[in-house]
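Residues per chain, in single letters:
Protein chains: 2
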Amino acid sequence: MTHQLDIARLLNDACGPDVVTPGPEVPERYRHDWAGLEPIEPAALVQPRRTEEVSAALRVCQANGIPVVPQGGLTGISGAAHPIADGIVLSLERMNKILSVDPLEATLTAEAGTVLETAQEAADEAGLMLAIDIGARGSCQLGGLVATNAGGHNVIRYGMTRDQLLGLEVVLADGTIVDDFNTLTKNNAGLDLKHLFVGTEGLFGIITRCTMRLHPGQTEKQTALIGCPDTDALLDLLARAKKSLGPMLTCFEVMWPSFYETMAERCGIRTAIEGKHGVYAILEATGGAGSMAREKMESLLENAFEAGCVADAVLANSVKEEHELWAVRETPAEYGAVIGQIVPFDVGVPTRQIPEAVRLFETRLKERWPDIIALSYGHIGDNNLHLVVHVPGQEAQPEQHVKELVYGTVRELGGTISAEHGIGLIKRDYMSYSRSPSQIRTMQLLKSALDPKGILNPGKGFDQIKTASA
Amino acid sequence: MTHQLDIARLLNDACGPDVVTPGPEVPERYRHDWAGLEPIEPAALVQPRRTEEVSAALRVCQANGIPVVPQGGLTGISGAAHPIADGIVLSLERMNKILSVDPLEATLTAEAGTVLETAQEAADEAGLMLAIDIGARGSCQLGGLVATNAGGHNVIRYGMTRDQLLGLEVVLADGTIVDDFNTLTKNNAGLDLKHLFVGTEGLFGIITRCTMRLHPGQTEKQTALIGCPDTDALLDLLARAKKSLGPMLTCFEVMWPSFYETMAERCGIRTAIEGKHGVYAILEATGGAGSMAREKMESLLENAFEAGCVADAVLANSVKEEHELWAVRETPAEYGAVIGQIVPFDVGVPTRQIPEAVRLFETRLKERWPDIIALSYGHIGDNNLHLVVHVPGQEAQPEQHVKELVYGTVRELGGTISAEHGIGLIKRDYMSYSRSPSQIRTMQLLKSALDPKGILNPGKGFDQIKTASA
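For the protein sequence lines, the chains are A and B, in the order given.
The UniProt record's numbering puts the first residue of the first sequence at 1, with every later residue one more than the last.
The UniProt record's numbering puts the first residue of the second sequence at 1, with every later residue one more than the last.
If we strip away everything but chain A, and leave its shape as in the complex, we get (with noise of 0.2 angstroms):
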């Protein structure tokens, strides 16, 4: 291993000046993403400014062994981004420029640093839309969003990252910059390289640019908050939303009341609906001009009224109530200061096991710590369900034992332990929760022929676990 002051060196000789920061004088704010591990000196930290500057780091780090770990906006929760000792830290943030939007095409291409809630106000001011919105959409970066595949609230419309994804610049570990940049919608020459980054947390590639397919922008929006009396009558509600609403449906969030009546009772909000129910739903229906969003989304929620499927339901009649209909599922930003430190879980499991789910999540939890608080909801027309789980009374959270009911219970209904946030540093013991052998060491044989020498954010994701022979 090269010395820390030899490699600040080595990569300011190749990058010139302004681009390299030795680890001592690195900034707190990369030494650690929001997964809220130990923070971590790295050897150094690089800026580039453009996509060959990146190239000429990822040679030197290349030539002398030494690993890279990749930076966005360091908005994960998985880890990804987490500094490793004696390796680099490679922050896309000077690298922020939209080079286009083009309207008829309907694309917008920006440099991998770009904030995401630039580009959708570059892709507004179009009269397009851009089909991601996370709640970091302020902090996090595109490059980021690609690298983790990133969900949100509109996946039951628009679908993942992936989706909104057409071409990807990306740097390879040898420094190889490789251009697949792609604006077509159809382009069936070959493998298509770009899916090889998403989602894969750096392992591949360093993502320098990307070009994102945009669509129509939305004039019309309707939300409703709804109660019912058990999970049964919400599938129901769901199969109808998805049938009469079609693609107009661009949102379906759960609650359970866990979540819903814990939360709005420990952040003191009135909530709109009255009364208790069995769980609660958040719906909403976009459309552009003529679609009748308000009259199908009344008739929607009448029938289901009427099938009994709809215990009562507020429509929002302006953007402040709309607000209000939100405030309870907008509070998972208050955990530290109304719930304490707690045991977060983003899994996916298969939509009619859903409130089996929630059920084996509780009950299991509740039996092995009885003041356990355990929190749930999520999206359910994508097959996500969040876990937030506290454990009172304890110094440390009892982390390890927790996740491993969760996990096994997730692995007994055939989920997966990552629908939307990654593996990162802190799922990656539990890879073979949901991913077989033969499949991990699918994905390992090809990260080594690309990254031979394993300098491309080492040990995060599926890298260097061990698998049983397949």
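Hints listed in this document are in silico derivations from the structure and should not be mistaken for laboratory results.
Accuracy of the hints is not assured; some may be wrong.
Same chains, same label: a pair holds when it works inside one copy or across any pair of copies.
With a cut-off of at most 20 angstroms between alpha-carbon atoms, the simulated SDA-like pairs for lysine to any residue come out as follows [unchecked claim]:
1. 243 - 102
2. 366 - 28
3. 242 - 128
4. 243 - 128
5. 403 - 356
6. 466 - 176
Following the hints, position chain B against chain A.
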């Protein structure tokens, strides 16, 4: 190289009785696909009944360095399924069971040899829709659709085959069965392996099962045949249709006069639209009950007519009239009878370049061969252009020269030499016209990692192409 009889014997020992047919007895059907290449007698035909037999066959082939050409419905026109002398053809046609249709999760799981039409019908019976449709629906198979990432009529709304694919089971070159059998919308646990096998024509593995996403069935359909004064007007109409129909726009087919007028005349079709126009389009809008597809289509056409971008339009009032509007567009099956031997193209260029592409193709071809017949049509909303060329009065078509002219023009315009038909044998020499050396080299590195002996469909697609150093 193992002798032909030895190959059949080795495979017979591994796969059991009634699976292997020695070369001389292989029926004519398996000796070519629809690419029009000279038939080849393979060393043997292998027709497995289950995944384990595919695995057993591949282990034998890998151990003995025997090339393997996978075959589905044999409807491909790029030669990807064309046999290799001294290699086997591996037909999936006996693996044709639909394993499950799940209305709540909206998924269909079937063996790779299932014919598309059978899968469409199974989805339909469950009140859902498999959103892939191509002319060869009665013959083509799911595995082949995935391996070529087939496009078709509905791409503008639903995307390509890739977008309908949730999970796969594949067998790798060494016989390893990889069960990436996802049914979840969101699953971010490492590399999404299935994308390696989409559109790569069998170079990475043999697809044995697929799980497809289904969509709500569409009950309303409106079809219009339209004449536009010129291509500027046509692009204006496309923008209007996207905006006002939104996700109801399921089809936007374009026919230049070269195609429309020539084929109508030669096939003796009385066209549904009167007079001659600069360019012709077929629009389809579909929706569920209450979607008001009719009203929306009428309003779009009225506004477009007033704005001058539609010169004349006919809206179908019955299924019979719908077929009449499609009559000219569905004449490509008659090329052999009414045109003669053709050189077909399937290229992609950015939407705004499509008019220029057609102009360049047609004028450059006519400059070189004044009597040439060059017919242009395509799925303009997906950047996809088809061109069919016939040089009259020549015994053999000057195929090589026509290809160089057309693909050279595509390269100039930054397009792709294959939008939806794949590379196979017939386009491999032109890969470098739309893929850079670093892209091709990356594809080859990955291929070598999974198929180090190069037994899977050697010489097809991007395999073994020489590239200049990246």
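How the hints compare with the structure:
{"no.": "1", "hint": "243 - 102", "in the structure": "between (33 angstroms within a copy, 15 angstroms between copies)"}
{"no.": "2", "hint": "366 - 28", "in the structure": "neither (38 angstroms within a copy, 67 angstroms between copies)"}
{"no.": "3", "hint": "242 - 128", "in the structure": "between (24 angstroms within a copy, 11 angstroms between copies)"}
{"no.": "4", "hint": "243 - 128", "in the structure": "between (26 angstroms within a copy, 10 angstroms between copies)"}
{"no.": "5", "hint": "403 - 356", "in the structure": "within (18 angstroms within a copy, 59 angstroms between copies)"}
{"no.": "6", "hint": "466 - 176", "in the structure": "between (29 angstroms within a copy, 18 angstroms between copies)"}
When held up to the earlier numbered hints, the structure conflicts with hint 2 and nothing else.
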